[in-house]
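Let chain A serve as the given structure and place chain R on it in line with the hints.
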Amino acid sequence: MDPSRLTIAQASAAIAQGSLAPLSLVDSYLERIASLDGELHSYVLVLAEEARERARALAAEPSRGPLHGIPLSLKDIYWTRGRRTTAGSRLCLDFVPAEDAETWRRLEAAGAILLGKNETHEFAIGGPDFTLPFPPARNPWNTAHYPAGSSSGSAVAVAAGLTAGALGSDTGGSIRGPAAFNGIAGLKPTYGRVSRRGVFPLSYTLDHCGPLTRTVEDCALLLQAIAGHDPLDPASADRPVPDYRKALERRLDGMAIGVIRHFHEADAVAGFGPENAPNPAYCAAFEEACRTLEKAGARLVDLRLSPLLDYADANRLIMLAEAFALHETDFQERPQGFGRYAFARIGLGAFFSAADYVEALRARRELCREFREATEGVDAVVSANATAPAPKIDTVPLWGVFERASYTAPYNLLGAPALSLPIGFEDGLPLAFQIAGKPFAESSVFKVGYAFEQATPFHRERPPIAASLPGRT
Amino acid sequence: MAEPIPPDRFTVLVERAGLKLTPEEFEELREGSRFVERMKESVRRSGPREARLRGVTRPREKTAEPAHIFIAGKD
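Those protein sequences? They're chains A and R, same order as listed.
With this note's numbering applied, the first sequence covers 2 to 474.
With this note's numbering applied, the second sequence covers 1279 to 1353.
In case anyone wonders, no lab produced these hints; they're calculated from the structure.
Note that the structure is a prediction, hence the values are computed from the model and not measured.
Wrong hints could be hidden among the right ones.
To be verified - Taking lysine-lysine pairs in the DSBU-like style, the calculated list, with each CA pair at most 35 Å apart, reads: (1) R:1318 <-> R:1340; (2) A:439 <-> R:1352; (3) R:1318 <-> R:1298; (4) A:247 <-> A:296; (5) R:1340 <-> A:439; (6) A:439 <-> R:1318; (7) A:393 <-> R:1318; (8) A:439 <-> A:296; (9) A:393 <-> R:1298; (10) R:1352 <-> R:1340; (11) R:1352 <-> A:247; (12) R:1352 <-> R:1318; (13) A:247 <-> A:439.
Bound conformation, chain R alone:
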C-alpha cells in the first residue's frame, strides 16, 4: 500500500489547489493521499493480467488514446 504524501510536498499541492485547510483537514486529507498515490500507480499499469499481478507492467504505447475523444460538430 502506498504511503501518504509527505507533509512538505502535500503543502505545495494544497496551495496549488487553492485550498485553505484547518490543521485537522490537512492531516485528514494527507492521510487519504495514500489512495491518491495508489490510484496514480494503478492507472499507469498496462499489459497482461498475470504480469500486472506480479507487478511487471509495460509502458503504455504513446499512440494509446484516452477513452473520451472530442468529436467535431457533435455539440
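Chain A with its partners taken away, still in its complex shape:
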C-alpha cells in the first residue's frame, strides 16, 4: 500500500486501527517531496526530521482524534514558532515568529504533523513572480501551466500527493482558484469562522483562512479542527461549531439550490471584456454539474444578483486600499525589497481616496443585503469558478488579476462560505465550480459538495505525476 494515496479520513481510520504508523505515512510523503518537488516547487521549507520525530512521539500516545498522526503543510504566510516564515518575500527572509498561527496551534493540538511550508505568491498577491527568492509552484497536471495563486504551493502539494492536506488563505479567491486549477477541494469558510491570528495579513476585512484537501470529507475534518472562537482575533465569531461530518449525505432531497448563471453567461464579457467569454466546454461541464445536483434530489432555482464586476471591484478596491495601508512604510522606506508583481499590484492601493474606500464599504453592505434577500429561500448556491483551464505559467500577465473576471471575489466580499470542487477536464486540465452558502452554513455547503462528489468521478482523478513512486503501489 502507498499511504500517500489515502485520503485523510482513510489514513485516520488506518492509524486508529493500528494498520498504519504515522511514521510510515510521514515517510511516504517525504519520499515524494524529495522525488518530485524539484519540479513542482510546492515547498519552501521541508521539516523532515521534525516531522519524523513527531510521528514517533504520536505513535506512542493515545489518539487525539481524526487528525492524530496526519501530515499537513501550511502556506508560508502562517506563522510557525521558531521556523522561518517568509510570506514569499525578500522583506521577510529572516523573519522567525515567536508564536504559531492559532490555526496551526489547533491542528497540532489535534495531533497533526507539520511536513513543511508551502510556496506562496509574495504577501499572498504578487505572483507568479520569477524574480522572487522561491520559484513559483507548477501545476502537477502539466508543469508548463499555472497552478493559480496565491495558495499555489498548498494546492500543488495536495494535488500531487506531497501532503495529506494544507491550509491556504483567501482574500479574493486564493484558496478556490488554486483548488480549481489543481483539481482538488478548497474551502473559504465564513468570515470569522476561522481565526486569522498569526497569519500575514493582506486585507484585514477580506482575509480568510481555510483548508485544501482531496475530498470534501477531508475538508470537513480540517475545518472541524480549526473553526471556533478566538478571542484574540477581533473578527472571530463567538458561535457554536457544528459537527461538519454529520452533514455529509449522498442525497439532497428537500434542498433548494440557487444557481447564479449570469456571472459567467453575461457579466464576464459585459464587465471584463470579450476575452473573458467562458469556454464552451466549461459551460457544458457547469450545466452537467447542475444536473447532477438535481439527480441527487435538489431543486434548482435561478438567482439574479448585481453584476459580477460590481462585486469584484468592491472586493479589489477594499483589498488594495487595506494592503497598501499595511505595507505603506515598506513602500516608502525599502521599496526595492518587493518583487515586481507585489509592488505593482499593492502599489495601486496608494491611489484611492478615503471616499473611494468608504464607498466600497457602503457598496459591500448593499451587496451583502442583496445576497441575504436573494438566498432567503435556498439552502445553498452554485456559481462558476474559473471558466477555462489553467493557462501556461509564462503567459500570466501582471494585471491579469484585474483584467480577468473573478468568480471567487463575491464570496470574500459577502463573507459567505464557498467551496471549490472539480467538475471535469479540458485538455487534461481540471475545471471547477463553487458551492456557496449563507454565512456560517458550512454544513449545507459540505452536504451539497459531498453528494456531488459521491455522484461524480472527478475527485478520484489524480495528475500523472501523482502516481505512486516505484516500489510503492
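The following block gives chain R in isolation, referenced to the frame of chain A:
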C-alpha cells in the same frame, strides 16, 4: 474600460502617497491606474441590476452605512 490616469495628475498622486518611483515603476503603475479608475466607478454604482448593466445608476442614499461599523466596548 477606463483610461490610465494622465501623467501630470498621476505625479501628484505618487507624491501624495510618499512614493519614490523609477521611471519604469511610474509608467507601470500608471498603466495599472486604469483599474483604479474602473474600481472607483464600480463602487459608486447603486440600484437595480438591469439598470446598472445599462449604465444607469442612482446615487446611494446618504444614510446608506458602510459594511464595518465601530461597536463601542467590543475591543
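Going through the hints against the structure:
1. A C-alpha spacing of about 18 Å is found between residue 1318 (chain R) and residue 1340 (chain R), which places the hinted pair at or below 35 Å, so the restraint holds.
2. Restraint check: the Cα-Cα separation between residue 439 (chain A) and residue 1352 (chain R) comes to about 24 Å, which is no more than 35 Å; the hinted pair holds.
3. Distance hint between residue 1318 (chain R) and residue 1298 (chain R) is fulfilled; the C-alpha atoms sit about 24 Å from each other, no more than 35 Å.
4. Under the criterion of a C-alpha separation no larger than 35 Å, the hint pairing residue 247 (chain A) with residue 296 (chain A) is consistent with the structure, at around 22 Å.
5. As the CA atoms of residue 1340 (chain R) and residue 439 (chain A) are separated by approximately 28 Å, the hinted pair is consistent with the 35 Å bound.
6. Of the pairs offered as hints, the one joining residue 439 (chain A) and residue 1318 (chain R) holds, with about 28 Å between alpha carbons and a cut-off of 35 Å not exceeded.
7. About 31 Å separates the Cα atoms of residue 393 (chain A) and residue 1318 (chain R), which keeps this hinted pair within 35 Å; it holds.
8. Annotation: proposed proximity of residue 439 (chain A) to residue 296 (chain A) holds, straight-line Cα distance about 23 Å (limit 35 Å).
9. Among the hinted pairs, residue 393 (chain A) with residue 1298 (chain R) is consistent with the structure: their alpha-carbon atoms are about 34 Å apart, no more than 35 Å.
10. Between the alpha carbons of residue 1352 (chain R) and residue 1340 (chain R) the distance comes to roughly 26 Å, so the proposed pair stays at or under 35 Å and holds.
11. Taken as a hint, the residue 1352 (chain R) and residue 247 (chain A) pair is honoured in the structure, with Cα atoms around 33 Å apart against an allowance of 35 Å.
12. Proximity of residue 1352 (chain R) to residue 1318 (chain R) is assessed by CA-CA distance (about 31 Å); at most 35 Å being required, the pair is judged to hold.
13. As the CA atoms of residue 247 (chain A) and residue 439 (chain A) are separated by approximately 18 Å, the hinted pair is consistent with the 35 Å bound.
Checked against the numbered hints given earlier, the structure satisfies every one of them.
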